[in-house]
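All chains should be built: construct the whole structure from the sequences, respecting the hints.
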Amino acid sequence: MNDDTQPAAVRARGIVKSFGAGDTQVTVLKGIDLDIYLGELLLLVGESGGGKTTLLSAIAGILDIDDGDIGVLGVPLSALPPGKRTRFRGQTMGFIYQQFNLLPALTAAENVAVPLLIQKIRRPEALRRARAMLDRVGLGDRVDFLPKNLSGGQQQRVAIARALVNEPRLLICDEPTAALDGPNGQKIMELLREVGRSPDRCVIVVTHDSRIFHFGDRMANLTDGRITNIERIQQEGTV
Amino acid sequence: MNYVALKMLFGDRAKYLMLLCGLTFAVMLIVQQGAIFWGLMMWSQASISNLNVPIWITDPGIAQVDEVKPLADTAVDRVRSVDGVEWAVPLYKGLLRARLANGEYHQITLTGLESATLIGRPAEVLEGRFEDILQPDAVVMDQWAVERMGGPTVVTVGTIFELNDKLARVVAIAKTQKSFTNIPVVYTTYDRAVRYAPRERRTLSYVLAKSKDGAPVADVIQRIRTQTGLGAFTEEDFGWKTILWVLKNTGIGINFGTTILLGFIVGMAIAGQTFYLFTVENLRQFGALKAMGASTFTLARMILLQAFTVGLTGYGVGIGLATVFGYLTASGGGLPFAETWQLLLLVLVALLVICTFSALISIIKLARLEPAIVFR
Chain A
18 MNDDTQPAAV
28 RARGIVKSFG
38 AGDTQVTVLK
48 GIDLDIYLGE
58 LLLLVGESGG
68 GKTTLLSAIA
78 GILDIDDGDI
88 GVLGVPLSAL
98 PPGKRTRFRG
108 QTMGFIYQQF
118 NLLPALTAAE
128 NVAVPLLIQK
138 IRRPEALRRA
148 RAMLDRVGLG
158 DRVDFLPKNL
168 SGGQQQRVAI
178 ARALVNEPRL
188 LICDEPTAAL
198 DGPNGQKIME
208 LLREVGRSPD
218 RCVIVVTHDS
228 RIFHFGDRMA
238 NLTDGRITNI
248 ERIQQEGTV
Chain B
7 MNYVALKMLF
17 GDRAKYLMLL
27 CGLTFAVMLI
37 VQQGAIFWGL
47 MMWSQASISN
57 LNVPIWITDP
67 GIAQVDEVKP
77 LADTAVDRVR
87 SVDGVEWAVP
97 LYKGLLRARL
107 ANGEYHQITL
117 TGLESATLIG
127 RPAEVLEGRF
137 EDILQPDAVV
147 MDQWAVERMG
157 GPTVVTVGTI
167 FELNDKLARV
177 VAIAKTQKSF
187 TNIPVVYTTY
197 DRAVRYAPRE
207 RRTLSYVLAK
217 SKDGAPVADV
227 IQRIRTQTGL
237 GAFTEEDFGW
247 KTILWVLKNT
257 GIGINFGTTI
267 LLGFIVGMAI
277 AGQTFYLFTV
287 ENLRQFGALK
297 AMGASTFTLA
307 RMILLQAFTV
317 GLTGYGVGIG
327 LATVFGYLTA
337 SGGGLPFAET
347 WQLLLLVLVA
357 LLVICTFSAL
367 ISIIKLARLE
377 PAIVFR
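So the protein sequences, as listed, match chains A and B. For the first sequence, this note's numbering begins at 18 and goes up steadily by one. For the second sequence, this note's numbering begins at 7 and goes up steadily by one.
Any given hint might turn out to be false.
Stated by the list, open to error - Pairs of lysine-lysine, PhoX-like flavour, derived with a Cα cap of 25 Å:
(1) Lys-371(B) <-> Lys-101(A)
(2) Lys-137(A) <-> Lys-101(A)
(3) Lys-21(B) <-> Lys-165(A)
(4) Lys-13(B) <-> Lys-165(A)
What the hints assert, rightly or not - Only some residues are given here: those of chain A computed to face chain B with a beta carbon under 10 Å:
(5) Ile-79
(6) Asp-81
(7) Ser-95
(8) Pro-99
(9) Gly-100
(10) Thr-103
(11) Tyr-114
(12) Asn-118
(13) Pro-132
(14) Lys-137
(15) Arg-140
(16) Ile-189
(17) Ile-247
FYI, nobody ran anything at the bench for these hints, they're computed from the structure. C-beta: ideal position from N, C-alpha, C; glycine also.
Okay, here's the thing in structure tokens:
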């Protein structure tokens, strides 16, 4: 569980992001301030088009912001040049997507090994660690399966294993249960909560799915480009 | 990441095969047309290469080997007197009509070799003995003459026919490279060739020569030109002069060039488009790789590896198919087909250009790709 007195793992101040130009310009983020702490799972909720995914992309350093500062694990992300930012992202962040984004030609183990291969870890070692991670998420008997031969829940667990295999300190999840049925979504969130409770990690989850709200430690509501409120969630799932 | 790149390439089997087919077709077309073109060029200077002598002395205004401009008989002695010349012999080359016993007429190229040395004789004899050319009325035909004049049942060793109303007797069949015009070649001695030919003031077509050992050929050729006022060329230079004349004065270069260019463009279009589609369809996956920390350089390397892997596979298959085509249709020298290493190297360069171009389109797309696409 987080402690608001400790330094924030993610510190966002005055984040502004617009798309388009002139009359068609739309400001999606209008001065966001947000702290996310190690050992917590933060839910980012709000209406569609409110800027959740844009904020997530900005925190991940895959979208340039127009104004403001973002610090991740003490590193001023928005000030890093693109190459260093990409390396930093590869070493410290893991990603889970709504559509899984697994490479269809690669087996489950090979997909999980990809972040390690990007970090130039030799293939046998990367595959060994990938198989171990798949075992941890309950897919030890599916390591050589192609994504097309796995169920949606299994594919998302492969994606989680891929996100965790290089032991990232910040896990960024975009609607991780949107493509899953209720029971599978619950299982996935249990896994993510376990990761979020680790004292040297934190998890950000963008979601619309109210059935999984009780898995979060805090919930930030993003409406019309602004954080309107941040609430702590009770352990029993009541807000 | 090379492993991931190759698995992505081979995993999309339909696109991989389409790419492979496009590149294979392009390579096969370019190699096949290029080999036929170069084969034809080799044929165009067959009158030179079949004689296999190092230096040709010609009229100074000569354009190509088949456009004979006769020299004065004294040219042989003048060339022999040039410092650095080891030997020089006369050569007769002219077009005559042969009349067979069955009454058929055929145009032939009569080649007269100096009788003492028979320099310029074909290297390989298929039937009979070439030395029998020294017998009275003896001539030697090449295998294409036999083919053109009706086959071995009509023309063989011992066959008698007329050349300009004079008797000629075939004593041997020699193997030569086919010529561009495919006019049958009949060999005889120089003196007899002059007797067969219609009377002309000048009968010497060329002087064939060799430089002394140790004397630089280029220097000897320059001295021949300066001291005799005649044209002098190495065998290679005279061959190129003839090839360039053919290229300049016929449409053959444009015809084959157009086909080869089409092969290049079609290959580039198919490969470029398919590769681009391959990249666009995998854009989310590439975006995910970028988000996971793969640099644009890493992705570019993956794309290049994919492009060159499929390209080199297509190169191998394309050359294999073109070679099989050449083997099936051109073995025995019946069709021009010269698949030289220079041609294969050129095609490899062309293919690498196609692959690089195809990969570049995709790399530009990926360089502009925002990894945030994976969250949309």
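For each hint, the structure was consulted:
For the suggested pair Lys-371(B) and Lys-101(A), the alpha carbons sit about 21 Å apart, so the restraint of at most 25 Å is met. With a CA separation close to 16 Å, the supplied pair Lys-137(A) and Lys-101(A) stays within the 25 Å bound. At most 25 Å may separate the alpha-carbon atoms for a hinted pair to count; Lys-21(B) and Lys-165(A) meet this at roughly 18 Å. With a C-alpha separation of about 15 Å, the suggested pair Lys-13(B) and Lys-165(A) falls inside the 25 Å cut-off, and the hint holds.
At a threshold of 10 Å, the smallest CB-CB gap from Ile-79(A) to chain B is about 4 Å, leaving the interface hint in force. At about 9 Å, the closest approach between the beta carbon of Asp-81(A) and any beta carbon in chain B falls short of 10 Å, and the interface hint on this residue holds. Proximity of Ser-95(A) to chain B is violated relative to the hint, the smallest CB-CB distance being about 15 Å (cut-off 10 Å). Against a cut-off of 10 Å between C-beta atoms, the interface hint on Pro-99(A) holds, since the closest Cβ of chain B lies about 9 Å away.
The interface hint given for Gly-100(A) is met, as the beta carbon of that residue sits about 6 Å from the closest beta carbon of chain B, less than 10 Å. A cut of 10 Å between beta carbons decides the hint on Thr-103(A): the least distance to chain B is about 5 Å, and the hint holds. Nearest Cβ of chain B to the Cβ of Tyr-114(A): about 5 Å, under the 10 Å cut. The hint holds. Among the interface hints, the one on Asn-118(A) holds; its C-beta lies about 4 Å from the nearest C-beta in chain B, closer than the 10 Å criterion.
Given hint, Pro-132(A) at the interface with chain B, holds; its Cβ is 5 Å from that chain's nearest Cβ, closer than 10 Å. Restraint check, Lys-137(A) versus chain B: the minimum CB separation of about 9 Å is within 10 Å; hint holds. Contact between Arg-140(A) and chain B, as hinted, is supported at the beta carbon level, the nearest pair being about 6 Å apart and thus within 10 Å. Hint status for Ile-189(A): holds, given a least beta-carbon distance of 9 Å to chain B, under 10 Å.
Checking Ile-247(A) against chain B by beta carbon gives a least distance of about 21 Å; that is not within 10 Å, so the hint is violated.
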